[in-house]
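Residues in the sequence shown are numbered from 95 upward in steps of one, following our numbering.
Think of the hints as simulated: they come from the structure by calculation, not from any bench. In this text the structure is predicted, and so the values were computed from the model without any measurement. Hints may contain errors.
What the hints assert, rightly or not - Dumping the calculated DMTMM-like pairs for lysine to aspartate or glutamate here, alpha-carbon to alpha-carbon at most 25 Å:
| hint | residue 1 | residue 2 |
| --- | --- | --- |
| 1 | K122 | E109 |
| 2 | K122 | E108 |
| 3 | K122 | E279 |
| 4 | K122 | E104 |
| 5 | K143 | E279 |
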Amino acid sequence: LMALGLGTLEYFLEEGSRWNWFDDATIKHCAWIAGISLSAFIIRSLMLKNPVMDFRALLNSNFSIGCVISFVVGIGMFATIYLTPLFLGYVRGFSAWQTGIAIFSTGIASVAGVPIYIALAKRFDTRWIMMAGLICFGFGMWSFSYITSDWGWRQLLIPQILRGFPQVFCVAPSVTLGLGSLPPERLKYASGLFNMMRNLGGAVGIALCGAVLNDRTNFHFMVLASNLTMAHAQVPEAMRQMTQAVGSTQAALRELWQITYAQAQTMAYADAFCAIAMAFVLAVCLAPFLRQVKPPAQPISEH
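All chains should be modelled from the sequences, with the hints used to inform the complete structure.
Have a look at this one:
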């Protein structure tokens with residue numbers, strides 16, 4: 095039931111915008127199957143003494159808030175891994191090697207953050223450390239919203255560091271605070287749900303970002319194209335220069351279309367990063383409601 099529900103849900107989110115959502119029969123059927131399967135899975139889990147996932151743990155405020163924060167962090171971690179190479183490949187035309195070099199700073203920043211987090215966790219309240227990490231991550235997403243079609247590795251360096259460095263500050267405290275308030279005998283089943291929330295956040299985030307890119311690219315292209323008329327003062331001169339450069343009016347129009355579409359794509363990527371930043375605002379607002387807990391006596395099953 096869980097596999098069927100999550101699979102159809104992801105297909106619904108990922109392909110919905112392409113097929114105009116509920117106007118398509120397959121998308122509509124997937125939505126129904128996802129809703130029924132996941133509802134049945136939750137009801138079945140609540141009826142079992144030792145379920146695969148312990149949904150009763152959501153009655154614990156720390157655990158439920160931790161799940162929401164973990165979901166948001168999953169969106170931030172996985173959706174940006176999806177968006178950044180996509181932008182560099184489709185808009186900038188980077189090769190796989192150039193893309194790897196451009197995003198390499200994220201990995202270095204992530205590794206650098208681990209020893210700093212370990213040192214800070216011994217001295218400061220875990221909640222405030224997590225809030226600082228969420229704010230830094232969200233600010234990194236917001237800094238991506240200023241992206242232009244000329245951005246390369248130099249322009250991406252600071253946003254990538256702001257995304258990579260605070261990852262451990264977001265993930266580790268959410269695990270400690272979310273699972274640490276549960277009794278040890280419930281950790282085995284509750285940790286499965288907690289782990290799934292971050293992975294589900296990544297899957298949902300990627301699917302929704304794909305929908306945002308599709309819809310907002312079309313929207314921005316229509317807005318930009320509506321202003322590219324001969325009545326606009328600068329268009330005739332630009333067309334004349336482009337025609338001279340490429341040799342024909344047809345080629346100039348094709349070049350103008352490519353430039354306009356690239357700008358529309360870039361603006362759509364900015365919109366997607368803004369949406370992720372807004373999700374982190376929600377996570378930051380929820381963080382103060384977490385209660386501080388001591389780390390559990392036994393290791394938490396989290397990965």
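How the hints compare with the structure:
no., hint, in the structure
1, K122 <-> E109, "holds, 11 Å"
2, K122 <-> E108, "holds, 13 Å"
3, K122 <-> E279, "violated, 40 Å"
4, K122 <-> E104, "holds, 13 Å"
5, K143 <-> E279, "holds, 12 Å"
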